[in-house]
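**Q** Sequence:
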Amino acid sequence: MYKVYINDTPLYLCTTGELAHLPAPSPAVMVARYPGKPKYLLNYADLLEKSRRFDCIIVYDDDIAKLWADFLTLYAYIPAAGGLVFNTSGETLLIYRRNSWDLPKGKVDEGETMEEAAVREVKEETGLVDVQLQQSLGTTYHTYREKREKRILKETFWYVMKTSNDELIPQAEEDIEQAVWADLPAFLAEKRDMYRSIREVLTQYLASNY
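Numbering (our numbering), first residue to last: 2 to 211.
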C-alpha cells in the first residue's frame, strides 16, 4: 500500500485485500478500481489538488506494482530526508516555517546517503552541532507543484536522532521562523497547524514509544 499526500489529503494506492484496512466508501471517501491507464490517476490527483471535499481517495488494483509504476509516470521524483530529534531531557525538536509546524528535512544531495542527508539537513536548519543518528522511522510521500506547474513527488526518509546540545539557530534562508524544544504529547494535544504527513510521523512515533 502507498499513501501519498496531495494538497494535504491522502491518496491511497492499494490492493483489493488491503481495502478492509481503509475507510469505507462515503460522500467524503472515494473508492475506485484502477482502470489501468495513468490518465485516471491524473484525474484523481487533479481532484485532490483543486478541492478539499474528500477526506481521502482510494484507488485499488491487485497489480500494485503496475499501479505504483503508472502513478510515478505523472511526477518528477525527488528524495528527501529529515529527522525527529530528541534532546537529553526527552524533548522533541520542531520548527515553524511558512505558517506551519514542521520537522527539519530537505533534498538529498548527489552522492549522499539518506542518513547523511538527514543529519546535514537537521544541522543546517536548526544550528545543532552534535547530532547522532539512532534509527529509521519510515517514509512519507507528498506532492507539490514547482515552477511552470511541474508536478513533484517527494519521498522523505525519516530518522530518529539525539543531541546533547540544546542551542537552536533557525535557518532564516529556509523561511524558518522558530526552532523549539517541546514535550511531544503535549504539543500534539494542542492541535497546532501542521501538515498531515508531519503529524503522521509524530503520532506514529508516539504510539510506538510512549
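Calculated directly from the structure, the hints in this document are not laboratory data.
Quantities reported herein were computed from a predicted structural model and do not represent experimental measurements.
Worth double-checking, as some hints may not be accurate.
Computed cross-link-like contacts, DSSO-like style, restricted to lysine-lysine with a CA-CA straight-line distance of at most 27 Å [stated by the list, open to error]:
#1 Lys38 - Lys192
#2 Lys4 - Lys155
#3 Lys124 - Lys40
#4 Lys67 - Lys40
#5 Lys108 - Lys124
#6 Lys163 - Lys38
#7 Lys151 - Lys192
#8 Lys163 - Lys51
#9 Lys148 - Lys192
#10 Lys67 - Lys192
#11 Lys192 - Lys155
#12 Lys40 - Lys151
#13 Lys151 - Lys163
#14 Lys51 - Lys124
#15 Lys163 - Lys148
#16 Lys124 - Lys67
#17 Lys38 - Lys151
#18 Lys124 - Lys38
#19 Lys67 - Lys163
#20 Lys163 - Lys40
#21 Lys38 - Lys108
**Q** Could you run down the list of hints and mark each one as holding or not?
**A** We went through each hint and held it up to the structure:
no. : hint            : in the structure
1   : Lys38 - Lys192  : violated, 39 Å
2   : Lys4 - Lys155   : holds, 12 Å
3   : Lys124 - Lys40  : violated, 41 Å
4   : Lys67 - Lys40   : holds, 14 Å
5   : Lys108 - Lys124 : holds, 14 Å
6   : Lys163 - Lys38  : violated, 45 Å
7   : Lys151 - Lys192 : violated, 32 Å
8   : Lys163 - Lys51  : violated, 39 Å
9   : Lys148 - Lys192 : violated, 32 Å
10  : Lys67 - Lys192  : violated, 38 Å
11  : Lys192 - Lys155 : holds, 25 Å
12  : Lys40 - Lys151  : holds, 16 Å
13  : Lys151 - Lys163 : violated, 36 Å
14  : Lys51 - Lys124  : violated, 35 Å
15  : Lys163 - Lys148 : violated, 36 Å
16  : Lys124 - Lys67  : violated, 38 Å
17  : Lys38 - Lys151  : holds, 20 Å
18  : Lys124 - Lys38  : violated, 43 Å
19  : Lys67 - Lys163  : violated, 39 Å
20  : Lys163 - Lys40  : violated, 44 Å
21  : Lys38 - Lys108  : violated, 30 Å
Going down the numbered hints, you'll see the structure goes against 1, 3, 6, 7, 8, 9, 10, 13, 14, 15, 16, 18, 19, 20 and 21, while the others check out.
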